[in-house]
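Trainee: Read top to bottom, the protein sequences are chains P and A.
Okay, so the first sequence: first residue is 1 according to the working numbering, each after it adds one.
Okay, so the second sequence: first residue is 1 according to the working numbering, each after it adds one.
These are computed hints drawn from the structure, not numbers from a lab.
Source: prediction; values computed, not measured.
There could be a bad hint or two in this list.
[Claimed, not checked] Straight-line Cα separation of at most 25 Å, SDA-like style, residue types lysine to any residue; simulated pairs:
no.: 1; chain 1: A; residue 1: 88; chain 2: P; residue 2: 58
no.: 2; chain 1: A; residue 1: 321; chain 2: P; residue 2: 72
no.: 3; chain 1: P; residue 1: 122; chain 2: A; residue 2: 179
no.: 4; chain 1: A; residue 1: 313; chain 2: P; residue 2: 173
no.: 5; chain 1: A; residue 1: 88; chain 2: P; residue 2: 18
no.: 6; chain 1: P; residue 1: 492; chain 2: P; residue 2: 466
no.: 7; chain 1: A; residue 1: 321; chain 2: P; residue 2: 437
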Amino acid sequence: MMTNNTALELRRVNKWFGPVHANKDISLSVGRGTIHGIIGENGAGKSTLMSIVYGFYQAEEGIILVNGKECLIDNPQASIAAGIGMVHQHFMLVDTFTVLENVILGVEGGARLTDGLTKARKELLRLEKEYSLEIDVDAYVGDLPVGLRQRVEILKALYRGAEILILDEPTGVLTPQEADHLFRILNTLRDQGKTVVLITHKLREIMAITDNVSVMRRGEMVAHVATKDTSREHLAELMVGRTVLLQVEKEEATPGKTIMKIRDLSFIDGEGVLRLKKIDLDIKAGEILGIAGVSGNGQSELLSVLGGIDRPSAGSVIYKDEDITNSRSFNARNLRKIGLGHVPEDRHRSGLILSFSAKENTILGYHDSPNYNKGTTLDQNSVLKTCEAYIEKFDVRPPDPNLNASGFSGGNQQKLVLAREMENDPDILLVGQPTRGVDIGAIEFIHKQLIEMRDAGKAILVVSVEIEEVMSLSDRIAVMFDGEIVGELDAKDATETRLGLMMAGVKEDPTSEQLEENKAADS
Amino acid sequence: MDSIQLFILLLDATFRVATPLILAAMAGMFSERSGVVDIGLEGKMLGAAFAAAAAASVSGSAWVGLGAGILTSLALSSLHAYACVTHKGNQVVSGMAINIMVAGLTPTLAIAWFHKGGQTPALSGDSRFQPITLPFADALRDTPIIGFTYAELISGHNILVYIAVISVPIVAYVMYRTRFGLRVRAVGENPHAVDTAGISVDLMRYKALAVTGLLCGIAGTYISSAHGAGFIRDMTAGKGYLALAALIFGKWKPVPTLFACLLFAFTDALQARLQGVDLPIVGVIPVQFIQALPYILTVLLLAGFVGKAHPPKAIGIPYIKER
Numbered sequence: 001m002m003t004n005n006t007a008l009e010l011r012r013v014n015k016w017f018g019p020v021h022a023n024k025d026i027s028l029s030v031g032r033g034t035i036h037g038i039i040g041e042n043g044a045g046k047s048t049l050m051s052i053v054y055g056f057y058q059a060e061e062g063i064i065l066v067n068g069k070e071c072l073i074d075n076p077q078a079s080i081a082a083g084i085g086m087v088h089q090h091f092m093l094v095d096t097f098t099v100l101e102n103v104i105l106g107v108e109g110g111a112r113l114t115d116g117l118t119k120a121r122k123e124l125l126r127l128e129k130e131y132s133l134e135i136d137v138d139a140y141v142g143d144l145p146v147g148l149r150q151r152v153e154i155l156k157a158l159y160r161g162a163e164i165l166i167l168d169e170p171t172g173v174l175t176p177q178e179a180d181h182l183f184r185i186l187n188t189l190r191d192q193g194k195t196v197v198l199i200t201h202k203l204r205e206i207m208a209i210t211d212n213v214s215v216m217r218r219g220e221m222v223a224h225v226a227t228k229d230t231s232r233e234h235l236a237e238l239m240v241g242r243t244v245l246l247q248v249e250k251e252e253a254t255p256g257k258t259i260m261k262i263r264d265l266s267f268i269d270g271e272g273v274l275r276l277k278k279i280d281l282d283i284k285a286g287e288i289l290g291i292a293g294v295s296g297n298g299q300s301e302l303l304s305v306l307g308g309i310d311r312p313s314a315g316s317v318i319y320k321d322e323d324i325t326n327s328r329s330f331n332a333r334n335l336r337k338i339g340l341g342h343v344p345e346d347r348h349r350s351g352l353i354l355s356f357s358a359k360e361n362t363i364l365g366y367h368d369s370p371n372y373n374k375g376t377t378l379d380q381n382s383v384l385k386t387c388e389a390y391i392e393k394f395d396v397r398p399p400d401p402n403l404n405a406s407g408f409s410g411g412n413q414q415k416l417v418l419a420r421e422m423e424n425d426p427d428i429l430l431v432g433q434p435t436r437g438v439d440i441g442a443i444e445f446i447h448k449q450l451i452e453m454r455d456a457g458k459a460i461l462v463v464s465v466e467i468e469e470v471m472s473l474s475d476r477i478a479v480m481f482d483g484e485i486v487g488e489l490d491a492k493d494a495t496e497t498r499l500g501l502m503m504a505g506v507k508e509d510p511t512s513e514q515l516e517e518n519k520a521a522d523s
Numbered sequence: 001m002d003s004i005q006l007f008i009l010l011l012d013a014t015f016r017v018a019t020p021l022i023l024a025a026m027a028g029m030f031s032e033r034s035g036v037v038d039i040g041l042e043g044k045m046l047g048a049a050f051a052a053a054a055a056a057s058v059s060g061s062a063w064v065g066l067g068a069g070i071l072t073s074l075a076l077s078s079l080h081a082y083a084c085v086t087h088k089g090n091q092v093v094s095g096m097a098i099n100i101m102v103a104g105l106t107p108t109l110a111i112a113w114f115h116k117g118g119q120t121p122a123l124s125g126d127s128r129f130q131p132i133t134l135p136f137a138d139a140l141r142d143t144p145i146i147g148f149t150y151a152e153l154i155s156g157h158n159i160l161v162y163i164a165v166i167s168v169p170i171v172a173y174v175m176y177r178t179r180f181g182l183r184v185r186a187v188g189e190n191p192h193a194v195d196t197a198g199i200s201v202d203l204m205r206y207k208a209l210a211v212t213g214l215l216c217g218i219a220g221t222y223i224s225s226a227h228g229a230g231f232i233r234d235m236t237a238g239k240g241y242l243a244l245a246a247l248i249f250g251k252w253k254p255v256p257t258l259f260a261c262l263l264f265a266f267t268d269a270l271q272a273r274l275q276g277v278d279l280p281i282v283g284v285i286p287v288q289f290i291q292a293l294p295y296i297l298t299v300l301l302l303a304g305f306v307g308k309a310h311p312p313k314a315i316g317i318p319y320i321k322e323r
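One chain only, chain P, in its complex shape (with noise of 0.2 Å):
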């Protein structure tokens, strides 16, 4: 054929660190003015396949074409040059710069700014025109949600003449509202001839967007086919190799006694920041508690305040009809004892220690406890005991209680933080993003466990940014935005709309106009 249209190509690419072989002989294809998508667990190598796109890194062995032809690309200016632009699943930003400032670094256009200010900013106008992405080009990005500040990753890379934009995980830290909105700007620059390639981990998003997608699995590259084509179901199996279940199977819940009493609770952090305003919760026995929200909304706050770490700044924490909020015992070592489970939210810092053996982390938090003791010494061997009963029941592999932590993957290390805080028996469980950075395969294990414990009549406070995790997961759902819960609604009637709005701080009110205009003014 004589003319081409492959945007993007890659021949037998291999890339290692060190031992380990990150990508295995990855061919890949890519249409211009299409939609590709790139799915497969976490640690399948995507990223690492994008960034050796981007000149980032350099693969060991195999070619990358663009528009038919070979391309040397070992540094990103070469991969700028060649058309190629990235959108980092961190933002590449300066907070302290205005959009234009952040758009024309490195491509200034000359010693002096003024000039390179001027022309930019004309172009800014342009592009935002003819793509629909209005953005103040004069605001500080640091000001900017984040929304926002992806728009602007965007516009960098077309000012710098993208014609194939690679996005890596952009949705992670959007509303779905928000992803919507870049779905649909994705879609325009489609339209408009430009070539678009999604990472991701989320099957709901290649099936709403993508043309083709391809499937990686282990760093190797396990299947392409057109997205039409295909289903969830089959991406799942693809991505895990394995038949998997989607949605979490389980009862009615029963829910009992309320466990926890949280009433006008408030908490300002050692910043002055009021991050938490009169919160009110009731966390009861035989339920699961859901708190949806965008990352960085108090979720975290809420879960280090009822654990015990962070002391309220007001109000009240009921456990069990007994007021305990400024009991000596509200610390995270005492309410252990009696009776609290919390699975923290970022186990690197908080749930394990990666440099110490399974088997010691296995008693972190416990570790005064008579069982573990003899006299003034640990007893090893009760420890071992343990460690190994929580290996098998919990099928952390491999099963070497001497192994450091950091050596198991992401989806083991939460198994055994789970298994620690499980095992020991709580009434109620607080779980910080029970499945963040864990193989699919892992995550249904862990909403089983999770499901077996409600039935068993705990309570349980599930904390999650993904929003598909709260609403299979949880009986009753509570949103948090800015601090605040916007709403409570029993799962049943959540759907991905609603608590979208709620995670934008839109509070539900049925009888006023409020959220019809709220609806109109989002599309």
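Since the structure of chain P is provided, determine the placement of chain A on it from the hints.
Mentor: The following block gives chain A in isolation, referenced to the frame of chain P:
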């Protein structure tokens, strides 16, 4: 009239004391804005002071001295960059090491070369930067206030003082109006953004540290060959740290930093005046206490009145490409 004259003379002394502070603080601004902590300003100045005095006394030219001072400071700055940028070392440790090394090396070399107990020979004539009398200064001296101000405050300084004064607007222009400044600021805030924009983070930091070396070299030269007349051991006397304090107090911005330098210098000029003066009520204050005043003030200012400073976000963190 008398008190006004006194005040003008005090300001005049302030400028003389402030010159090395201003130059060193501007030097530190490039380093710190690019994300590299520079506690080694002190050592660079001391090294430059020694090299300048030594070269000037041997060659008989203050300008040769300046060249030697700048080269020495640049070399020390490159050493800092090699340790912190190329090898991702700890920036405070590297800076401290430079300070200690220079403090020991300079008197040793002075003894070896000049046999004057760790000093260089006294500089005079062309081997020292001499005051420049601006046109009409003497003619206008007797005109009340304006003339006197012109003759005493504006005129009669050596060239390096004028360089220090104009360095501030030049630094401000470079930082905020040029491509180089934009990149320096960016690399200190978010080096990842700079890297993905196709700019080498390491090269940017080397360049910024080169500017630091240049300015520190001028500052050091001023101390030994313009303000002083020869090198004396430890003659920088903590001015590098004071400049760093001024930089923080000025929130890493050129003009506020200038004022911080002037404030510190003013207290220093004041303490020189206050020595042995019989003050009302308190009487004569011990010299030691008065000499400590500028430093006490520095501590108080930094502890209580800085407010919320926003240092460059990536300061002190070596840039390592994440896996």
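Trainee: Each hint: holds or not?
Mentor: Hint check results:
1. Taking the CA atoms of residue 88 of chain A and residue 58 of chain P, the gap is near 22 Å; set against the 25 Å cutoff, the hint holds.
2. Taken as a hint, the residue 321 of chain A and residue 72 of chain P pair is honoured in the structure, with Cα atoms around 20 Å apart against an allowance of 25 Å.
3. Distance restraint check for residue 122 of chain P and residue 179 of chain A: the Cα-Cα separation of roughly 19 Å lies within the 25 Å cut-off, and the hinted pair is therefore satisfied.
4. At roughly 22 Å between alpha-carbon atoms, residue 313 of chain A and residue 173 of chain P fall within 25 Å of each other, so this suggested pair holds.
5. Our distance criterion of 25 Å between C-alpha atoms is met by residue 88 of chain A and residue 18 of chain P, whose separation comes to about 20 Å.
6. About 17 Å separates the Cα atoms of residue 492 of chain P and residue 466 of chain P, which keeps this hinted pair within 25 Å; it holds.
7. Taken as a hint, the residue 321 of chain A and residue 437 of chain P pair is honoured in the structure, with Cα atoms around 21 Å apart against an allowance of 25 Å.
Going down the numbered hints, you'll see the structure goes against none, and every one checks out.
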